[in-house]
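Chains as they are written, first to last, in the numbering used here: chain P, 1211 to 1767; chain B, 1211 to 1767.
Be aware that one or more of the hints could be misleading.
For chains that are exact copies, the list does not tell them apart, and a pair is met inside one copy or across any two.
Each computed DSS-like pair below joins lysine-lysine, with the alpha-carbon atoms no more than 25 Å apart [to be verified]:
| no. | residue 1 | residue 2 |
| --- | --- | --- |
| 1 | 1564 | 1240 |
| 2 | 1528 | 1564 |
| 3 | 1726 | 1636 |
| 4 | 1400 | 1654 |
| 5 | 1535 | 1754 |
| 6 | 1754 | 1564 |
| 7 | 1636 | 1754 |
| 8 | 1654 | 1754 |
| 9 | 1545 | 1654 |
| 10 | 1416 | 1564 |
| 11 | 1727 | 1400 |
| 12 | 1240 | 1637 |
| 13 | 1636 | 1311 |
| 14 | 1727 | 1753 |
| 15 | 1637 | 1214 |
| 16 | 1564 | 1639 |
If you are wondering where the hints come from, they were derived from the structure by calculation, not from laboratory data. This one's a predicted model, so the numbers in the text were calculated from it and none came from an experiment.
The chain contents come next:
Number of protein chains: 2
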Amino acid sequence: MTKKNRLIYLPLGGAGEIGMNMYLYGYGPKDKERFILVDVGVTFPDMDTTPGVDLIMADPSYIVERADRLEAIIITHAHEDHVGAIGLLYPQLQAPIYCRKFTAAIARNKMERNGQNPDHVHDVDVWPAQITAGPFTLGFMPIAHSIPEASALVIDTPAGRVIHSGDFKTDPTPMVGDPFDPELVRDIAKDGVLALICDSTNIFSKGKGRSELDISPAIHELMETASGMVVATTFGSNVARLKTLAQAAADSGRQVVVVGRAMDTMIKNAFATGVMTDFPPILDVEEALSVPRGQLLVLATGSQGERRAATAGLARGKYRGLSLKAGDTFLFSSKTIPGNEISVSYILNQLAEKGVNVIDDTSGLYHVSGHANRPDLEYMHELCNPQMVIPMHGQYRHLREHAEAAIALGREGIIAPNGTMLDLAKKGKHVGSIETGRTYLDGKPLIGAMDGIVRERLQMAMRGHVLVSLVIEEDGELLDGSWVQTVGLPNDTRVDGGLDGQLEDEIDKVLARASKKTLASDEGIETLVVRTSNQVCNNIIGKKPVCTVLINRLMVE
Amino acid sequence: MTKKNRLIYLPLGGAGEIGMNMYLYGYGPKDKERFILVDVGVTFPDMDTTPGVDLIMADPSYIVERADRLEAIIITHAHEDHVGAIGLLYPQLQAPIYCRKFTAAIARNKMERNGQNPDHVHDVDVWPAQITAGPFTLGFMPIAHSIPEASALVIDTPAGRVIHSGDFKTDPTPMVGDPFDPELVRDIAKDGVLALICDSTNIFSKGKGRSELDISPAIHELMETASGMVVATTFGSNVARLKTLAQAAADSGRQVVVVGRAMDTMIKNAFATGVMTDFPPILDVEEALSVPRGQLLVLATGSQGERRAATAGLARGKYRGLSLKAGDTFLFSSKTIPGNEISVSYILNQLAEKGVNVIDDTSGLYHVSGHANRPDLEYMHELCNPQMVIPMHGQYRHLREHAEAAIALGREGIIAPNGTMLDLAKKGKHVGSIETGRTYLDGKPLIGAMDGIVRERLQMAMRGHVLVSLVIEEDGELLDGSWVQTVGLPNDTRVDGGLDGQLEDEIDKVLARASKKTLASDEGIETLVVRTSNQVCNNIIGKKPVCTVLINRLMVE
Chain P
1211 MTKKNRLIYL PLGGAGEIGM NMYLYGYGPK DKERFILVDV GVTFPDMDTT PGVDLIMADP
1271 SYIVERADRL EAIIITHAHE DHVGAIGLLY PQLQAPIYCR KFTAAIARNK MERNGQNPDH
1331 VHDVDVWPAQ ITAGPFTLGF MPIAHSIPEA SALVIDTPAG RVIHSGDFKT DPTPMVGDPF
1391 DPELVRDIAK DGVLALICDS TNIFSKGKGR SELDISPAIH ELMETASGMV VATTFGSNVA
1451 RLKTLAQAAA DSGRQVVVVG RAMDTMIKNA FATGVMTDFP PILDVEEALS VPRGQLLVLA
1511 TGSQGERRAA TAGLARGKYR GLSLKAGDTF LFSSKTIPGN EISVSYILNQ LAEKGVNVID
1571 DTSGLYHVSG HANRPDLEYM HELCNPQMVI PMHGQYRHLR EHAEAAIALG REGIIAPNGT
1631 MLDLAKKGKH VGSIETGRTY LDGKPLIGAM DGIVRERLQM AMRGHVLVSL VIEEDGELLD
1691 GSWVQTVGLP NDTRVDGGLD GQLEDEIDKV LARASKKTLA SDEGIETLVV RTSNQVCNNI
1751 IGKKPVCTVL INRLMVE
Chain B
1211 MTKKNRLIYL PLGGAGEIGM NMYLYGYGPK DKERFILVDV GVTFPDMDTT PGVDLIMADP
1271 SYIVERADRL EAIIITHAHE DHVGAIGLLY PQLQAPIYCR KFTAAIARNK MERNGQNPDH
1331 VHDVDVWPAQ ITAGPFTLGF MPIAHSIPEA SALVIDTPAG RVIHSGDFKT DPTPMVGDPF
1391 DPELVRDIAK DGVLALICDS TNIFSKGKGR SELDISPAIH ELMETASGMV VATTFGSNVA
1451 RLKTLAQAAA DSGRQVVVVG RAMDTMIKNA FATGVMTDFP PILDVEEALS VPRGQLLVLA
1511 TGSQGERRAA TAGLARGKYR GLSLKAGDTF LFSSKTIPGN EISVSYILNQ LAEKGVNVID
1571 DTSGLYHVSG HANRPDLEYM HELCNPQMVI PMHGQYRHLR EHAEAAIALG REGIIAPNGT
1631 MLDLAKKGKH VGSIETGRTY LDGKPLIGAM DGIVRERLQM AMRGHVLVSL VIEEDGELLD
1691 GSWVQTVGLP NDTRVDGGLD GQLEDEIDKV LARASKKTLA SDEGIETLVV RTSNQVCNNI
1751 IGKKPVCTVL INRLMVE
């Protein structure tokens, strides 16, 4: 190690939101660092900010521009917010992908579905195995979460050892995956840890976290006492919960059916990779139709109210031949993510109308988080005893709270939101800031959040759309008057000719008064027409819609 | 009373959602009933369902068509979801409005702001005073809530007495307005109550409700120990909370400033009507600027993250000269309404970036609900001892849970969502169903939820908009080729000429192949063009955008 070498930590996504994780580590002299990219996740769109968008991921531009120096892509675990964008962004990244076996199976699935070669994904053994990627030596430390083979990363560099926690909880009995092993963490940390880059999701939860095992009794009791069919929904990728639910079903004489692609993929891959051997047998949906409903547990996707998922389908009516009846029980074994409350409550009401007994997440009896609470995070700090704690996987307020918690315990705590470049070899010194952003999957293409495309959609949604078509003759005169069509606007507004008619009249008048020079320029016409549209619409409907002018100039042939 | 007379209960809004309350009562022979309308409230739009909409209210069509038989409009209290639409719908309703003094002041304000004569609003004294409206005799029973002069209605008819609870809690120390008086309720109910039409908001809250007074000590402590400026936000219309906060400020040597119109209106009217006499003096914002920040409490609107309100303004930067600094405290003395979490969390992060100490609603120390919890509702059932309980003010699942609670206590419980017509004179028999819906204030005009206008906006937002302008010559030939412009769509998609160019090429080809007959009809052309747009776009960008075709036909002059 020479003094000139930097050890860069640069979050591109996930340090400013919960979701779309993407963290860059670099080692080497300035502008010659070799990089590893940790996690390539997605987050989900909403109507408020991203209508029509399919998926959101971090803008990878910084590393794409330096892709020749990217040594490896590491995926810590198989949740969407860590692996979801790998197939979409791989064409721009083009580096070998390393993860543990189960994660690799999911990553390969993502690669294939996006037309990428799954052979770029390499299986890695668990710690103490290590791999080398440029100046980095990397190990996958087993850690408890809600999915098999969740891992923290042990990142060794000439500047020292860094622990990147990934998503974790300190659960001794997580149902699937490895239990949290404090001795292992302590052992890995015993020769000194430069920095702990640490999950911050639950920093605001003050009590010690509960184990997945803790909710098993309540779920057992529910399965045993429910008289009709039980449907349970949770995240498709919460394999731990699927197992807790399925086990309770089996123990109470219910057969298990799975509806929804995400769950299916997870469970199949968990079987195929051998990480889950003791899951009760799964019945085909067709077979389930002939089983008495009191002997069924249906595991359904769509806990967040997603319109096309199984839960919404069952709430509406039949889904794959299954339907709910009065007396059945529907369990939300999940937390409603902020922003999804309205979609979920829509479903709760549909279920209530059917007379279905709904059990939601308010009691806390049927759901525990997969993330470490504040005391557990502090325990992790203690076990790793790092020179500095750098919170990640949280909104700004989580990062700040977590950094303050570290400081309160006598360690260095550094707030590093997306785009903050730290040199860990220099005590986490702030050595630069880069523009970060979001990339959207929008149908087939990837578009940038700042491209203005989605902003145009939001504008049309908020303000409606006035279309004005004009035909301009060779001599520059308007032919036949303007033609206006409005979309998303009230037309029947008690004015003569409706809003369209009033707009046409006024635009014709304005253009008739316009100079030859104005009419000669499309921009001149556009400015006039948009201004007129704003005035007329504001007057009649109190809004200034988006106005698009289409000018057809007749050519001398 | 003859046997032919019906006593109709027909919720038009509020029984299927929390918000936009509107309940109709009628008495008389079928189709000759005389009506009273209880509450004319609003609810608020969201991007998921109502982009660009300003306010949402119940569709009043049923009573508008029978407005000649409407004897009176009653407003139970001055919250937006009960009084917010009075000025907007008054032109269609045209009946005298009755409410207590403070509510009347707010209602008059709504009338004036919508160009209606405020003299249609009449002050009514509290129980035991009564007014007559056709066959109804009406009394305003004082009840505890979070606003002065909240009232339940005692509705006397020849068929018996009905109690319409309005919004209420059983708070003995509500800070403003009357304490809940069980003896009064019992006394009013003693000669028998036919039906209790009852608030269901908090039916899922199992513990006994807390009093407004219960949060006063924690708020006092916060004001005393905070070192910088304290800003507190809550609903502008939660006058009780404003008083709790202001009193704690005064007691700890802080002066009170109010920013935001809704709060200002409420407080001014509360003073003007004499319902609030012991509120601490309020400082002008300009004066506040010269007060040391440790001696200030700023009461700010915008607890739900509304972008144009004071809280969002302060989170962004300066608001009316005030600005936040590290070490200041920001208190959310409010509950985040489902659907607003993302807007609120945006603000929480902005405040965290400023180093402001944020105290949100998670602890429960600084906010209590204004509604009765399940045990309190059951207590109300007991006090009124009605022949039937009809839950209102709730989503379907609240109505169902509340009806089941009534049944469990040995009373009749009837689920009557919006549009359900019951005859209370016949044990609540279901005597009809009407179509109900929503009316939107959309800029200036009122539009119907089913008019398709908002659906068009949502479609443009989800799918983008392709505009195709065509000029067709007198002989039916396409002149100069088509002209395509896209709005809200990616154009730079690695295809020749971009998406627009590809669309133009393909539309030109298709139209060149089209028959004279097809080209002669605008509909024929439109069908062809839309189909082509769908194919091309789906192929290139994986979406089928909204496609609007503007056809200019050149006329023989």
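Query raised in the report: What hints, given by number in increasing order, does this structure fail?
Result: Structure breaks hints 1, 3, 4, 5, 6, 7, 9, 11, 13 and 14.
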